[in-house]
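Novice: Okay, here's what each chain looks like letter by letter:
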Amino acid sequence: MKLGLVIDLDTCVGCHACATACKQWNTSGTIGPLSDQDPYGKDPNGSWLNRIRTFEVKEPEPLPTKGQGCGSQKFDLHALATEGTSALLSDASPASKTVHMPMSCMQCEDADCVTVCPTGASYKREEDGIVLVDQDKCMGCNLCSWACPYGARELDEEQGVMKKCTLCVDRIYDQALPESERQPACVLSCPTSSRVFGDFDDPTSKVSQLVVERNGQPLMPELGYKPTNQYLPPRNKEAVAMMAKTNEPALSKLKKWANRVIAR
Amino acid sequence: MKPAFSVLFFTVTSGIGYGLLIWLVLTHLMTSGDFGITHFMIVGFIGLTLATLGLLSSTLHLANPKNAWRAFSRFRTSWLSREGVFALVFYPVFLAYALSVYLNNGDATIIVKALGIVSISIALATLICTGMIYASLKPIRQWHNPLVTPLYLSFGLVSGALAYSMLHLALTGSLSWPVSQAFLVLIVISFIAKMLYFNSIGKPDGSTISTATGFSQAQVRLLDAGHNADTFLTKEFVFDAGAIKLLRLRWLMVVLAFIAPILLMLAAHKLNIAPLAYLAMACLCVGLFIERWLFFAEARHVVRLYHGDQQT
Chain E
1 MKLGLVIDLD TCVGCHACAT ACKQWNTSGT IGPLSDQDPY GKDPNGSWLN
51 RIRTFEVKEP EPLPTKGQGC GSQKFDLHAL ATEGTSALLS DASPASKTVH
101 MPMSCMQCED ADCVTVCPTG ASYKREEDGI VLVDQDKCMG CNLCSWACPY
151 GARELDEEQG VMKKCTLCVD RIYDQALPES ERQPACVLSC PTSSRVFGDF
201 DDPTSKVSQL VVERNGQPLM PELGYKPTNQ YLPPRNKEAV AMMAKTNEPA
251 LSKLKKWANR VIAR
Chain G
265 MKPAFSVLFF TVTSGIGYGL LIWLVLTHLM TSGDFGITHF MIVGFIGLTL
315 ATLGLLSSTL HLANPKNAWR AFSRFRTSWL SREGVFALVF YPVFLAYALS
365 VYLNNGDATI IVKALGIVSI SIALATLICT GMIYASLKPI RQWHNPLVTP
415 LYLSFGLVSG ALAYSMLHLA LTGSLSWPVS QAFLVLIVIS FIAKMLYFNS
465 IGKPDGSTIS TATGFSQAQV RLLDAGHNAD TFLTKEFVFD AGAIKLLRLR
515 WLMVVLAFIA PILLMLAAHK LNIAPLAYLA MACLCVGLFI ERWLFFAEAR
565 HVVRLYHGDQ QT
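Line order of the protein sequences matches chains E and G.
Using my numbering, the letters of the first sequence map in sequence onto residues 1 to 264.
Using my numbering, the letters of the second sequence map in sequence onto residues 265 to 576.
Rather than coming from a laboratory, the hints here were simulated on the basis of the structure.
Be aware that one or more of the hints could be misleading.
Said to hold, decoys possible - Straight-line distance between alpha carbons at most 30 Å, and here's what the computed BS3-like set of lysine-lysine pairs gives: (1) E:Lys124 to E:Lys137; (2) E:Lys255 to E:Lys245; (3) E:Lys137 to G:Lys377; (4) G:Lys499 to E:Lys226; (5) E:Lys124 to G:Lys458; (6) G:Lys402 to E:Lys58; (7) G:Lys402 to E:Lys2.
In this text, all values refer to a predicted model and were calculated from it rather than measured experimentally.
The shape of chain E in the complex, shown without the other chains:
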């Protein structure tokens, strides 16, 4: 078995429900508590096993041709008056997308965090590929967090041991729970079902099929960690049509609007 997650970047709304549910479950689970430092103060801090980053993704801007570089761009008052500030801010490109990217442990096949561990506290389970930390053995040297490119490991400052996502190992095998609930807390809490849990070794599983259908990709494959978790890229949807801008005088606009209101 190769258990892991598929995360749909098309539907994730970046609500942080997965991160909160993760903290809630795991702080009272087998690896808990996940300590916080100054939780209600100015500089709230603590161990989180799941973090969500938000990126702007847009079409690359064409390279400036000769004589048309950034420096030659003039402040165009006319453009400002007719098209609004958007004409001046290249950031406001209509072809840009905001993508929320939740990240937890990728349960890598070649997990260097396990290789570098000097105490044997970090290990990868043979039966399902989940990477875990035995907290009774960890000496808090931080080397595994240095070896992880995904920032999946965080030191619990209070207990001095490394904490990481367990893929809710204390939940997914719990026979006392109804079968539909034997899933990681982040998956159950996701309001848009952007997170899917399953076995990547089974080609008929939902995760395997999603990866095939939607062209799922790992993050930073060039480092060779062979991460199990896969990310589904956003679907290519048509850009929302923008209202055409007119140079109509304000008075005639007002008249049209008044006529529309009265006609109702």
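Starting from the known structure of chain E, fit chain G onto it as the hints suggest.
Specialist: The following block gives chain G in isolation, referenced to the frame of chain E:
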């Protein structure tokens, strides 16, 4: 990467300690000693103390040191574990060697030679393992570099050779010329290697925000890191000293760790002002400390790509 003082102190000090012991044993094996028994023991004690101080300081950065004894258990996979095992095994072997030197009254018998060679090998292995701890980390391209381990080893040997020559001066009144010559040759090689290292980490390479997010065809930038205070990740990996400060420190390091010790040691010999060796050692220590600080400060972990960096 955030430079941790305990780790900087550890790598510089234990480097000098192991280097000193390597030169002590090497000169003893090859020339049956520059030193009398008493002086041999004094230098051996200083070397062992430096190595031990370094190793003890390295445990200071552990968050849960009560489990440190477990660090010897993963010799087959972990460079940190290997380093610990070699550092530990070094003590009985070196002490047996020192005892046999004492019992044979300084003569290099077969047993003394055998124990000496094993001591040198273990000390070298320890230095190599320390270098490999850093060189094996793929997410930090400034460390995952073929020059990192040779540089670690050579800095240990360079600082050890200078320390040896300096102690020779302090104990017998004259510098050890053969070891000083070795020092000059090694420090020039290290200097060239360090310049090649700076050259190789200077080119943009490795992971970018595109590979980190999987959007290889688009322009990507971070809008929100998802937290409004520091996290373990930002505290551990996001360290910005500023490009100008780094460049100035590079120059200072080049002067203090390479140029000053070379010129001072040449002057000590050519002009016969032996005490310049003390100044050379002081410069080298400060220079190596800056070198180690830069080694951390210039290292950029790929997780920074999720905190606003465009490339590593």
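Novice: Compare the structure with each hint and give your call.
Specialist: Quick rundown of the hints versus the structure:
This hinted pair checks out: Lys124 of chain E and Lys137 of chain E have alpha carbons roughly 15 Å apart, not beyond 30 Å. Of the supplied pair hints, the one linking Lys255 of chain E and Lys245 of chain E holds, its CA atoms being roughly 17 Å apart against a limit of 30 Å. Between the alpha carbons of Lys137 of chain E and Lys377 of chain G the distance comes to roughly 40 Å, so the proposed pair goes past 30 Å and is violated. As the CA atoms of Lys499 of chain G and Lys226 of chain E are separated by approximately 27 Å, the hinted pair is consistent with the 30 Å bound.
A threshold of 30 Å between alpha carbons decides the hint, and for Lys124 of chain E with Lys458 of chain G the separation of about 37 Å lies outside it, so the pair is violated. For the hint linking Lys402 of chain G to Lys58 of chain E, the alpha-carbon distance of about 29 Å falls within 30 Å, and the restraint holds. With a CA separation close to 24 Å, the supplied pair Lys402 of chain G and Lys2 of chain E stays within the 30 Å bound.
Hints 3 and 5 from the earlier list are contradicted by this structure; the remaining hints agree with it.
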